[in-house]
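Protein sequence lines correspond, in order, to chains A and B. 144 is the number of the first residue of the first sequence in our numbering; add one for each residue after it. 281 is the number of the first residue of the second sequence in our numbering; add one for each residue after it.
Calculated directly from the structure, the hints in this document are not laboratory data. Just so you know, these numbers come straight off a predicted model, no measurement behind them. Be aware that one or more of the hints could be misleading.
[To be verified] List of simulated lysine-lysine pairs, DSS-like, C-alpha gap at most 30 Å:
{"id": "1", "chain 1": "B", "residue 1": "Lys-445", "chain 2": "A", "residue 2": "Lys-328"}
{"id": "2", "chain 1": "A", "residue 1": "Lys-447", "chain 2": "B", "residue 2": "Lys-445"}
{"id": "3", "chain 1": "A", "residue 1": "Lys-328", "chain 2": "B", "residue 2": "Lys-443"}
{"id": "4", "chain 1": "A", "residue 1": "Lys-328", "chain 2": "A", "residue 2": "Lys-241"}
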Amino acid sequence: MVTRRGFLAGLMATGALPSATWADVGAPDFLSAAKLPNGNFVLCGIKRSGEIAFQLSLPARGHAAAAHPIKPIAVGFARRPGTFAFVMDCVEGTVLKKLSAPTGRHFYGHGTFTKDGALLFTTENNFEAASGIIGVWDVKQDYTRIAEFSSGGVGPHEILLMPDGETIVITNGGIETHPETGRTKLNLTTMQSNLSYLSLNGRVKHQLKLGDEHQRNSIRHIAVSKNGHVAFGMQWQGALTSDLPLVGVHNASTNRTSLMVESSVRHMNGYIGSIAISASGKHMAVTSPRAGKLQHFTNGVLSKENNIIDVCGIALDQGLPLATTGAGHIYSDTHILIRHPIMWDNHLVRI
Amino acid sequence: MLYDPQFTQNQNTQYTCKLIKALSRDMHANSKAIYSDWQNGYGALLATHNNDTYRTHEEAAQRVFTALMAGLEFTSTQRIDRPMGTFDRPRPLRAEARRSGRSLRHIHLALEATNTLAQLIAPENETLQTGYKAAIETSVSLNDPILAGVADLSKRLRVEIMKQKIDYVRQILADEVGPNLGIVPGFNALDGD
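Please model the complete structure; the sequences and the hints are all you need to start from.
Here's what the structure looks like:
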C-alpha cells in the first residue's frame, strides 16, 4: 500500500513535487493594495467572499499589482512617482526581490506578466525626455532588467496582456509629469492620449486616438475580455461641465470604438478610477471615486448604477461587480459583503 | 437673462420673453418635483433607513454629509476660485450672478444653509461653530457684491481670506466630523491616478 508519506517521498525523489500555487495561499481571487489604520501600507489577497487571504507589508503607498499567471507570486508597484516594485512570495509572505526603476525612470503603478510568466512588463516614465517607457524584466534571471522600449506615447499608466499572448495593450495618458514637480501636470494644453497595442518586443501594431474634442481626455485604465475587446476609462483634464463620455470599448481587430454617453464628464465628475470587463465581454463595470458612482453595463447598455462613497477598485465576478472603497467596504453588486478596518487603494486585480 | 443687455436690449423682445417664461416654468417644475420627492418618500427613506436606498443609519448620514461637503466645495471652487483666477490673471467676469449683483449674496446664503445642516450633524463641535461664524461674518463684511475686488491688489486679499475661512470649515468637517460618520473622505477620490 502506498502511504501518503511514502507517496510524497517518492515524488520528492523524482523531483516531481509540484511547486506552490495560488491555492496554497488560501486561494485568493483578487489582489489589492491598501492602507492600514496605523498608517502602514500593505498588499492583500482577497477571496471572492470578501475575506482577506493574506496581507503583506509595503514600504510606501502601493497602487496596483500584477499576479504571476501560475505561481503564487505578486508584484506590488509603488504609486507614481515611486521607484520601487516588490516581487512577493504570497505563500511565505516574503519579499523575493526588490525591483528598482533604473536611473532617470520611475514606475507608474502598473505592470503585467507574459502568459508563461517568463517576462514582466512595467510602465515607466523617462522623465528627462518626457516619454513613456515599457521596462522588460526577465523573471528566470531573478528579475533582471533586459530591455526597454517606447510605450507609444507620454505618461503610460496601465498595461495588460491581450488574449493572443503576443500583444500588450497600454494606456498612454498623455500627461507629462516630472518627479521634481511631483504630480503636477505640465502639458495640459498640448496633451495627447492614446491606447497602444505593441508586440512583446515593442513594435507598435495599432494605436487608437480619439477625436480632437477629446484632447483633454486622458485614457488611463483598461480591462480586456477573452475576445480581445478593450474597455477603457478616462480622466478629463478640463472644466467639469462637459458632456463627453469617459468610458469606451475598443475592438482592435475591427478598429471600432463605442463610447458610453452615460459615463459623462459631468456625471462621473471627470474621473474614472477603475474598470472591469467580463471574459465574454457581456458585462462591464466602471467606478468613479470622485462622483461616488459604480456603473454596470450589460451588452453595452447601462443596466445599473449605485452611489457608493469613495468606490474605486472593481472586478467582475460571475457577471456581478465586486467593488472596494476607501472606507474598507467590499461590495458585491449593491450589497456590502464585508467591511474591513482598512482603506482599499485604487485597484482590485483578478488573479 | 433679466440683467444682461444682450437680452434686455434685444430687438426680439417677444421671443426673449417667451424664452424666459419657458425657463422659469422649467425651474418651477424641477423645484416642485424635488420638493415633492422629499415630501413623498425620499425624506422617509433617508430618515428611517433599512431600505434598498439606505440600508443603515450610517449610510444615510454619509449621504447627507457628502451633500454638505459638496455644497461647501462648490462655494469655494466655483463661486470663489473661478473669479479669483490667478494673481496675474484675475477673472472677475466669471463671478456667479454678477449681472444681478448677487455673487457675494449667494456665497453668504450658501454658508448659512450649509451651517444649518452642519449644526444638525455635529451640534457639539465648537471648533466647527466658531469656524462657520468667522466665515459667515467675513461674507457679511466683505462689501464687494460682485467680487470685482479680485482684480484689485488690496481687495483681492480680502476675498482670499474669506475663501481661507471657508476652507478651514471644510477641513474641520473632513478631519473631525467625517471620521465619526465612518467617512475618511477621498482616499481614492483624491488620488488622481
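Going down the list of hints, with the structure as the test:
{"no.": "1", "hint": "B:Lys-445 <-> A:Lys-328", "result": "holds, 28 Å"}
{"no.": "2", "hint": "A:Lys-447 <-> B:Lys-445", "result": "violated, 40 Å"}
{"no.": "3", "hint": "A:Lys-328 <-> B:Lys-443", "result": "holds, 24 Å"}
{"no.": "4", "hint": "A:Lys-328 <-> A:Lys-241", "result": "holds, 29 Å"}
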